[in-house]
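A.B. asks: Sequence:
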Amino acid sequence: MNDLELKFRLWKIGILLLFPLAFPLISKSQTAYLKFPITKEGVYKISLSQVSSLGVGDLDEISLFGNPGMIPQKLDSLSLTLREIPTQKIGESLYFFTPGPHQIGIVEDEIQYQHHHYVDTLYYLIGKKVSSNKIALQSNPIQNPNSTRLYQINSQKWEENNILSSGRNWYSKPIFRGQSKDISFQKPIGSDSDLFLKINLMGQSLSENEFKLTANGQLTETITLPSIPNSTYGIKGREAVLKSGFSVGNANNISLNIAYQTTDLNGNGYLDYALLVSAFNTANLSAGIYYHLDENPAIFSTSGDFKVWNVSNPYQIWESQKTHVLNKGGKILIFDPTQIVDISRPEPVNMTIRENAIREPLIIITSDHLISQANRLASHKNGLGIQTKVVRLKEIYDGFGYGTKDVSAIRNFLAFHFHKEKQLKNVLFFGKGTFDYKTIVGGRPNLVPTYSSRNSLNPLTTYSSDDFFGFLDWGQGEWEESTSGDERLQIGVGRIPATNFAEATVMVDKLIAYENRVNTAGDWKRKIAFFADDADNNIHLNDAESHAAYLSENHPEFQIEKLYLDKFEQLRTSTRQFSPVAKAALSKTIEEGLLFLNYIGHGNETTLTAEQVFTVSDLANWPDNPLLPLFVTATCEFGRHDSPFVRSGAEELLFARKKGAIGLLTTGRPVFSSLNFALNKAFIEAVFNQENGEYLDLGAIYRLTKNNSLNGAFNRNFSLLGDPSMKLALPELKTKIENVFDILLDVPADTLKASQILKIEGEIIDPLSGGFLANANGIFELLITDKPSKSRTLGDESNPADFFEDTNILFKGSGNITGGTFAAEIFIPKNIDYSFGKGKIRVFAKLDRGTQEAMGAETIVIGGTSGNSTEDKEGPKIQLFFGDSTTNANTFNTTTLPLLVHLEDISGINISPNNIGQDLSLIVNGGTPIVLNYHYLALNSGYKNGKVETLLEGLREGGNIITIEAWDNVGNSSTLTREITIKGSLEIKIIKHLTYPNPATEKSHFTIEHNRPNENILLNLSVFTTGGQKIYTAQKRYVKAASILEDLEWIFLHDKTKYPAKGTYIYEIQLLSELDGSSDSMGGKIIIQ
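To convert, note that position 424 of the sequence shown is 424 in UniProt numbering; the numbers rise steadily by one, no gaps.
Calculated directly from the structure, the hints in this document are not laboratory data. Here the structure is a predicted model, which is why all the values come from computation and not from measurement. A few of these clues could be false.
[To be verified] Heads up, simulated DSS-like pairs for lysine-lysine below, C-alpha to C-alpha not over 25 angstroms straight-line:
1. LYS307 / LYS40
2. LYS562 / LYS790
3. LYS562 / LYS659
4. LYS307 / LYS134
5. LYS527 / LYS40
Please model the entire structure based on the sequences and the hints provided.
C.D. replies: Below, the structure written as structure tokens:
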């Protein structure tokens, strides 16, 4: 609650009962409005000429609306109305009073100062409506007053320094140890010589520290503040209030000096605000604003033609006449109407945002800078059937903040339509929001503000959060920073913190491609990775194991990869540890594609793990990849998105073009591991929930995650960076295993055994209806894994720990789906774990129609032996191709080649790792065998033949010996060796290129084939006139470049105001290898016609 809200609570209750009846009509009572600014407290007037654009002939036909100070956080139905300000017509002008943006009030006998955190200028509205709130005359009751003093209160506020770059509180520049700061006030004319000063101070010192106040050269007060802890996450300052009474005699200038002292060499003092209280005798008061602070009522008089308004309640002002009496805590305004200035020139306001219904379940709120990209995203969403409304922030401020930039106005806008139309599900804030509401420190713009905590000094409980905008139930929004202040989200809330048009474009491109399933087919959608830090007694690994176990038990269709740092070798320097192997594993996992990556451990704004397994600089060496994961980062500050200066890792991942992340659930401040666990647990339990057979969108997942992990202010910095209406790229359909049949015994099988030949049958199911899809056709992939096997970490920073991995593949094969059914014959290898336990049968299907896919899984007991004997004594037949099966060439000009291996055996190919030395493997030039088990795929719904497709790397110039070794499922092996020659690979070469169309009218495309695939390559394009003048250049960097580069184009109008003249132009293409610096160039002609 605002400090001044308490004062008006009873008055509000009196009109709340009227609101439900008025709610449907409040926005339609008028349509014409003007707004005007106010910067300070006082009385103002409006002339008829200033409102003539409203089409009124008399000032009695208008009303004034506004909110003094900050809009209350606590939501009630009154918050959603336009609140009328009392006015009084005097002569030919309309007069009114406003407390201004920054308020002073009396609460529980204490003078309170409420600074407006968002603006220094308030706006008020003028509407074409006969006023119902007039300032009327009121006689004062006869009392027995014995107080003869009233008071004026003047304030100063410092907003120069936000200590933690977080929270709402700003302070002065630091007062260094042994230094001081001067403050000056002007003594009000006619006031007594005795004054009272209240200063809010903050000390930042590891030892006791003190402030000394000197007034006009006389020491008046000393205050001592306790120390702060010497710890990273300890509180960073102690606040205190210095109060002092003093006399200045006849002096008109009040010179104050605040001196700061501490034994801490790095200690600093800061000023928050200062209030100077001046006393006046109640006889013949002059114009001004006065407070009554004494116990008994005060009687006072004025001279001349002054008017006296009682402005204790800014919404219920009355004019005092004859004898003026003021009670304790009251506030009066004395003014001469002839000395009052007109308001600034008002400007028209569009208020249709209050009049038009918003029934769309998704609202995108953005600034004018990003409106075109927000509209492009909305068009895409509407095309998907997600009704979307884009709203400019300025419209919200005008309609629900009276024109003032206040974050509560945004919440009130959402609440208005949430309760009125009852359709709102998600809100997306499209634009960067920072803690710097008033652009004090500069940096990146605060385009779409976020909510900031009251606390600005405790690193663990200060935060920014968009959750505030999702508290839409009546009575919500106060959000006290304690467990008792926890509140539950009513809608999903997400943010895309773009700072400019280019970033917004990148993210909209990614979202459109992701949701349209552009080049994203495949089983990567069932892959999940847990990335856990080491040290801390294995707490991060243990938490990851707990989450992984839940998913494995409740959602067996997903494959879980465990990237636990302590399972990878680490290297040491004199200053730190690092793990190239872990970094490579993380990059490979992301490159291959996965649904989401869940990181648990230490981090900061740009890095995951102290070993720097991920830093933002790594992104430059990630290749373009349409298989974008959701990142969940339960770590400190990685997801900070409200800083004008720091660019967080989460932001970098989000705005990385054609790679990185599709979204993040991430933390923006330091966090505790125990709270991270609770929050992550809530996410894991919600992420695959379904409603009516459909998966939830990210907004619903986020809402459930936050609501089920409430814990005071400690986890409020956990945010959704991304589109809340987006669903993860999960298959729409399900697969179901109907039968598992032992072919040799001709009986159903409930256990998979070694050397067993089985037939597995299944079908495609629509989860919405639960019915079988008889018209489904396509291909499927069937994967059988043995029981999870125990692995052990290396014990680098904690004791070695055991964990389980579900990576023992027994069979992987594919086949066709016809009429909604599929079947596969499989041979269970003899290389299994013979103990009995639960394994898994997983199926992933890609249908012919559109982008439809399906997946599912069944758990089944695996163990023992079938006892089947075999006459097979021969190893697999092997065929080896480089490139594809249409050529048997042996000479190549590149050190990286596509490798295709065909295998055939009547017992199937062994890909189980359970018997050491019987892996399907590749050996290059006698080196360490490369295991190909996971790359093998049985074909044609059977087990007797299959293929391996992979990339052959590490070849050398000259001769190379390539060996494939394969085993069948009953223990027979075969080896095939081929020699190939690499010639001309020592330097990068452009093999050929093509320019098309040519001739062209608007643009021309280029394709370039080269001999350095999978390397990082720079491409430079230059275009010249026939006279040699360079008219166009372009440069692109390719990470792990494909053998053919196809995305280069010259758009003729690029960076020009007119097309190049028709005619012939010369182009040059240059490729540069980052590996060895070699380069090659080719050129040609382009004809523009």
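A.B. asks: Now tell me if each hint is right for this structure.
C.D. replies: To see whether the hints hold, each was checked on the structure:
1. For the hint pairing LYS307 with LYS40, the CA-to-CA distance comes to about 20 angstroms; that is within 25 angstroms, so the pair holds.
2. Restraint check: the Cα-Cα separation between LYS562 and LYS790 comes to about 12 angstroms, which is no more than 25 angstroms; the hinted pair holds.
3. With a C-alpha separation of about 22 angstroms, the suggested pairing of LYS562 with LYS659 holds against the 25 angstroms cut-off.
4. Between the alpha carbons of LYS307 and LYS134 the distance comes to roughly 15 angstroms, so the proposed pair stays at or under 25 angstroms and holds.
5. With a C-alpha separation of about 59 angstroms, the suggested pairing of LYS527 with LYS40 is violated against the 25 angstroms cut-off.
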